[in-house]
Amino acid sequence: RYQLLKKEKWATLLLHISFILILLGAFITRYISYEGMMPIREGETSRVFYSDKTYLTVFVDGEYKGEMKRKTFSKDVLLTPINSFFANNNFSLSNQFNGIPFKIEYKDFVMNTVATFEPSEKGVFYIKLVESSSGTRHEHYLKEGEVQNIHNLLFAFNKFTDGAINITKTADNYTIQAPFEGDFMRMADQFKGTISKNEVQPLMLRSLYNLGGTRFVFPEPAVKGTLVNKSNGDFKDKSSDDALTVSITSQGKQEQVTLQGSKGKQGIPQNIKIGDLDFTLFYGSKLYELPFSIKLNDFIADKYPGTEKSYSAFKSILEIEDKRENKVFKDSVYMNNILDYDGYRFFQAGFDPDEKGTNLSVNHDFLGTWITYVGYFLLYIGLMAILFDRNTRFAHIKQKLDKVKIKKSQLLIFL
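In our numbering, the protein residues as written are 7 to 421.
It cannot be assumed that every hint is accurate.
Estimated spans, in silico, between C-beta atoms of each pair [stated by the list, open to error]:
| # | residue 1 | residue 2 | range |
| --- | --- | --- | --- |
| 1 | His144 | Gly68 | 28 to 38 angstroms |
| 2 | Ala32 | Lys259 | 43 to 53 angstroms |
| 3 | Glu314 | Tyr386 | 40 to 50 angstroms |
Within a straight-line C-alpha distance of at most 30 angstroms, the following computed DSS-like cross-link-like pairs (lysine-lysine) qualify [said to hold, decoys possible]:
| # | residue 1 | residue 2 |
| --- | --- | --- |
| 4 | Lys271 | Lys362 |
| 5 | Lys236 | Lys134 |
| 6 | Lys259 | Lys109 |
| 7 | Lys230 | Lys134 |
| 8 | Lys301 | Lys59 |
| 9 | Lys149 | Lys271 |
| 10 | Lys175 | Lys203 |
| 11 | Lys149 | Lys259 |
| 12 | Lys411 | Lys15 |
| 13 | Lys242 | Lys113 |
| 14 | Lys149 | Lys128 |
| 15 | Lys244 | Lys301 |
| 16 | Lys81 | Lys269 |
| 17 | Lys315 | Lys362 |
| 18 | Lys134 | Lys244 |
Honestly, the hints are just simulated from the structure, not real lab data.
Just so it is clear, the structure is predicted and the values come from calculations on it, not from any experiment.
Beta carbons are placed, not taken as given, at the ideal position from N, Cα and C, and that holds for glycine.
Generate the whole structure from the sequences, applying the supplied hints.
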């Protein structure tokens with residue numbers, strides 16, 4: 007109908023092509039490309055970064071044709087602490103493993119959680135552990151019959167586990183058994199003692215233990231109760247984990263599990279067995295791997311004179327190594343200078359409070375970006391051509407206006 011393939015219509019055709027390319031580029035950017043955050047400490051090398059989106063990742067293990075197999079799938083989830091008509095967290099995942107159907111459904115979401123212990127005679131025993139391995143005080147509650155990973159150190163309470171620090175409660179007596187040597191100091195009278203490897207010894211409450219490079223204290227005896235996740239109310243807090251609760255239904259049974267994680271973290275795996283299937287679930291960011299590695303040689307933070315926390319500029323001194331091409335080079339990333347390499351773009355997004363680490367924002371959208379750029383370039387050419395080409399609608403309108411002007415002039419001469 008519009009005959010856009012005619013050479014007289016080339017400017018209009020160019021406009022239509024530009025619109026298609028811009029939409030295609032936007033589609034690639036939205037659904038194919040990805041971005042995230044890459045934390046690196048000074049002197050360390052990394053080649054992975056965390057996705058900007060958060061995902062619910064599920065591993066399902068079971069028997070298939072006489073062998074143990076695993077099925078993996080994930081769903082990106084955008085969750086809000088306030089569930090409303092306009093922002094609804096509800097989702098449901100249905101799938102099957104070797105003909106066994108299962109369903110995972112959303113139940114609850116708590117942002118920036120704090121584990122709050124509530125005493126209850128109907129609950130199970132928990133023993134409180136306090137540690138400060140990351141420089142700040144953290145409280146943990148070890149549940150009876152479970153193993154917990156705290157800063158890559160395993161703790162087991164009334165569940166003997168090889169390779170873990172085993173805490174055992176018998177009536178009112180407590181013992182500790184560690185897979186390595188250490189020491190402790192009783193804070194009341196400064197009494198010091200040692201922990202022997204794989205030896206069962208009395209557990210000293212309110213004593214500072216030093217095991218596996220971690221210092222911790224058990225301040226009080228175990229108490230029956232339940233552990234409840236509550237929000238700390240600080241929505242600007244980017245360090246605390248969120249808590250996503252989901253239900254898993256399979257083979258006529260239903261179980262609930264709470265997943266700890268957030269953006270910028272891979273999440274803590276939770277395992278649960280229902281019938282013949284074993285489920286492992288994560289909530290948090292995905293890990294993407296770069297085809298090259300980046301080393302942070304130095305991080306420089308400049309402050310305004312006379313201030314402690316007012317930064318005028320900050321810069322990351324990087325070393326990039328690409329083994330595919332036997333290539334090593336250095337570059338810097340700061341506020342107005344990005345690193346663009348192999349389809350990845352790195353921006354200076356932030357840094358660690360101690361100024362010994364950087365946070366780089368990573369964007370991988372080479373294809374979408376260039377298709378969009380080409381689309382806008384063709385749009386500019388097409389708009390210019392429409393204004394000056396003789397075969398366009400603008401040219402026809404101009405010709406009609408010229409004829410009207412000529413008729414007006416002739417009419418004035420006649421009068």
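Right, here's what the structure says about each hint:
Checking the proposed 28 to 38 angstroms range against His144 and Gly68 shows it holds: the Cβ atoms sit about 36 angstroms from each other. Under the hint 43 to 53 angstroms, the C-beta atoms of Ala32 and Lys259, about 44 angstroms apart, fit the expected range. Checked against the given bound of 40 to 50 angstroms, the beta carbons of Glu314 and Tyr386, roughly 48 angstroms apart, stay inside it. Among the hinted pairs, Lys271 with Lys362 is consistent with the structure: their alpha-carbon atoms are about 19 angstroms apart, no more than 30 angstroms.
Pair hint Lys236 plus Lys134 holds up; C-alpha atoms about 17 angstroms apart against a cutoff of 30 angstroms. For the hint pairing Lys259 with Lys109, the CA-to-CA distance comes to about 11 angstroms; that is within 30 angstroms, so the pair holds. Distance check on the hinted pair: Lys230 and Lys134 sit about 11 angstroms apart at the alpha-carbon level, within 30 angstroms; holds. Between Lys301 and Lys59, the direct Cα distance comes to roughly 25 angstroms. Compliance with the 30 angstroms bound is thereby established for this hinted pair.
The suggested pairing of Lys149 with Lys271 holds, with an alpha-carbon distance near 23 angstroms, which does not exceed 30 angstroms. Distance restraint check for Lys175 and Lys203: the Cα-Cα separation of roughly 19 angstroms lies within the 30 angstroms cut-off, and the hinted pair is therefore satisfied. A distance of roughly 24 angstroms separates the Cα atoms of Lys149 and Lys259; the hinted pair therefore holds under the 30 angstroms criterion. For the hint pairing Lys411 with Lys15, the CA-to-CA distance comes to about 27 angstroms; that is within 30 angstroms, so the pair holds.
With a C-alpha separation of about 24 angstroms, the suggested pairing of Lys242 with Lys113 holds against the 30 angstroms cut-off. At most 30 angstroms may separate the alpha-carbon atoms for a hinted pair to count; Lys149 and Lys128 meet this at roughly 14 angstroms. A distance of roughly 24 angstroms separates the Cα atoms of Lys244 and Lys301; the hinted pair therefore holds under the 30 angstroms criterion. Between Lys81 and Lys269 the alpha-carbon distance is near 14 angstroms, which keeps this suggested pair within the 30 angstroms criterion.
Distance restraint check for Lys315 and Lys362: the Cα-Cα separation of roughly 15 angstroms lies within the 30 angstroms cut-off, and the hinted pair is therefore satisfied. Taking the CA atoms of Lys134 and Lys244, the gap is near 25 angstroms; set against the 30 angstroms cutoff, the hint holds.
When held up to the earlier numbered hints, the structure conflicts with none and fits them all.
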